Amino acid sequence: MLPGLAYFLVFHYGALLGNVIAFKDYVPFDGVWGSRWVGLDNFRRMFEDGEFWDAVLNTLWIAVLQIVFYFPVPLALALLLHSLTRSSVRRFVQSVAYLPHFISWVIVVALFQQVLGDTGMVNSYLGDAGLHTVDIIGNPDAFTPLVVAQVIWKDAGWGTIIFLAALSQVDEQQYEAAAIDGAGPWRRFWHVTLPAIRAVIVLLLIMRLGDILSVGFEQMLLQRDAVGPQAAEIIDTFVYYQGLVGGDYGFAAAAGLFKGVVGALLVYAANKVAHRLGEQGVYR
Amino acid sequence: MSTHARPGWMEKPRPATQAAKAVALVAVVLLVCVPFLVILSTSLASQREVVANGGWVLWPQHPTLKAYRDILDGGIVTHSLGVSAGVTLVGTLLSLVCTVTLAYALSRPGVFGGKPVLLLILFTFLFPPGMIPGFLLVKELGMLDSYSSLILPVLVNVFNLVVLRGFFQGIPEELYEAARLDGAGDWRVLWSVVLPLSKAALAVVGLFYAVAYWNSWFYASLYLESDHWPLQQVLRTYVVAGSGLTDTTVGEGTVNAPQTVQMAVLVIATVPILLVYPFLQKYFTKGVLTGAVKS
Chain X
1 MLPGLAYFLV FHYGALLGNV IAFKDYVPFD GVWGSRWVGL DNFRRMFEDG
51 EFWDAVLNTL WIAVLQIVFY FPVPLALALL LHSLTRSSVR RFVQSVAYLP
101 HFISWVIVVA LFQQVLGDTG MVNSYLGDAG LHTVDIIGNP DAFTPLVVAQ
151 VIWKDAGWGT IIFLAALSQV DEQQYEAAAI DGAGPWRRFW HVTLPAIRAV
201 IVLLLIMRLG DILSVGFEQM LLQRDAVGPQ AAEIIDTFVY YQGLVGGDYG
251 FAAAAGLFKG VVGALLVYAA NKVAHRLGEQ GVYR
Chain S
285 MSTHARPGWM EKPRPATQAA KAVALVAVVL LVCVPFLVIL STSLASQREV
335 VANGGWVLWP QHPTLKAYRD ILDGGIVTHS LGVSAGVTLV GTLLSLVCTV
385 TLAYALSRPG VFGGKPVLLL ILFTFLFPPG MIPGFLLVKE LGMLDSYSSL
435 ILPVLVNVFN LVVLRGFFQG IPEELYEAAR LDGAGDWRVL WSVVLPLSKA
485 ALAVVGLFYA VAYWNSWFYA SLYLESDHWP LQQVLRTYVV AGSGLTDTTV
535 GEGTVNAPQT VQMAVLVIAT VPILLVYPFL QKYFTKGVLT GAVKS
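Read top to bottom, the protein sequences are chains X and S. Anchor point for the first sequence: position 32 equals 32 in this note's numbering, and the numbering is continuous, going up by one each time. Whatever position you read off the second sequence (first residue = 1), add 284 for this note's numbering.
Source of the hints: derived by calculation from the structure; they are not laboratory data. None of the hints are false.
From the derived model, a few chain S residues whose C-beta atoms are all more than 12 Å from chain X:
(1) 332
(2) 348
(3) 366
(4) 483
(5) 509
Ranges between beta-carbon positions, derived for each pair:
(6) X:49 / S:302: 49 to 59 Å
(7) X:71 / S:443: 17 to 27 Å
(8) X:198 / S:454: 18 to 28 Å
(9) S:311 / X:25: 49 to 59 Å
(10) S:377 / X:199: 30 to 40 Å
(11) S:310 / X:149: 17 to 27 Å
The structure presented is a predicted model; accordingly, all values stated were derived computationally and were not measured. Ideal Cβ placement from N, Cα and C applies to all residues, glycine included.
Based on the provided sequences and hints, a complete structural model is requested.
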């Protein structure tokens, strides 16, 4: 177990120590330990920075849209797949639906450009039909629906896996008994299926709420140039551009640390809420 | 569950319901498959046909492999393909070794320090150290512009570790005891008892690692010079960001590579995943669930 443990000590706890530069004026030449302490200056600057708060708002807004529009899709898809009696069809559709999860964001973004871009498939159909073409890829106003659609395309199929597992745990006899008692399909759905998967739904929802400061970093970074920072800046890209591109390491580390601390508190709180509701939670 | 017949208690769905389901299922399949088909067809079409059709093709009239010959002539794409394959292979192996040994130790009751070590590791999941300190660490360790910077910082994934640990815990205790009685040490138990029983979990975790290494581009953009880039980062620069593929000869990269060539790079980046996928996907449900349920 030693190599694995060494990995965590060096690359997680070692890096964790590096967060001290959030309290320093980091100068690459002086190194992490040689740089000057500046106390909470970086944090003060951050809280007064309008762009930082714009990034926070963007992050929250995209996360909320994902909860409203993405979250129900895997559930609906799982219910649909579960209702199929022919297992060969179910297995085929499942295999196809899982696939995009394994494709990199680079390819997903390229695919979307190809299909929805200004010379893409959809626009050329619209053009041929004599209709207005729509600029979806480079349009800041269309950006949030676009990124939510991308997440649905990429991960909704994969998201069904956990719901399908919960559904397969339901005892067939319960359905049978309900049917004998005269319950129609809807009543069976309402009184047998839903209670059985309630725990999983609540759990995933709470976890998503706990993780609300994180929305796809790679996804945003890949498309930020096309629509500009007003639409696409999230906390992670803010950290990236301030620190690694702009060279303002201490300031960016402060923003990253802020996200880490608030994010950890949120996950912790979400887990507590899950326990309170009598659910299992994610750990312990 | 796996029968074709509808259970006796379930009534036959109305035709309208049946039709709605069929439409939904076909829509799901088409939404996934059509984009891939467009990419593949465009890469196989001639550039003239693509231009005539406005930038894409659904079914090439005169399929040609010219685009593939153009990029696989030993230039940057060929080189990056080798980098990606190498990093994926070495990374997956190293990651599996480290994850398996760690998961095994943490799955056995009474291992010295087991519980605190587990908490120590789970904490990193709750509180990741952050992008900037991670970058500075790699820099101070002198790993810039070395392929190790693509592997070592992401060596063990906590989710994969938890999946494997859960799977190991699910192996009946009697098997461990029997092996012990035969005088087997930890290594022997791991090698001849645990691993043969864990093929499904190993396949899934191995696939997750391999996909992660194959798909990674961000670290390469941070840590590597462009002549050492893996395929995804080349793809990002030349296809997504739209610089020219031929920038070594043109200079600033102002000339866009032909559409067919861009799509051919996309296909090359996707094909390895499509190749391993059918062999491994039967393990998904089993592997992922045993892990998820146990934890």
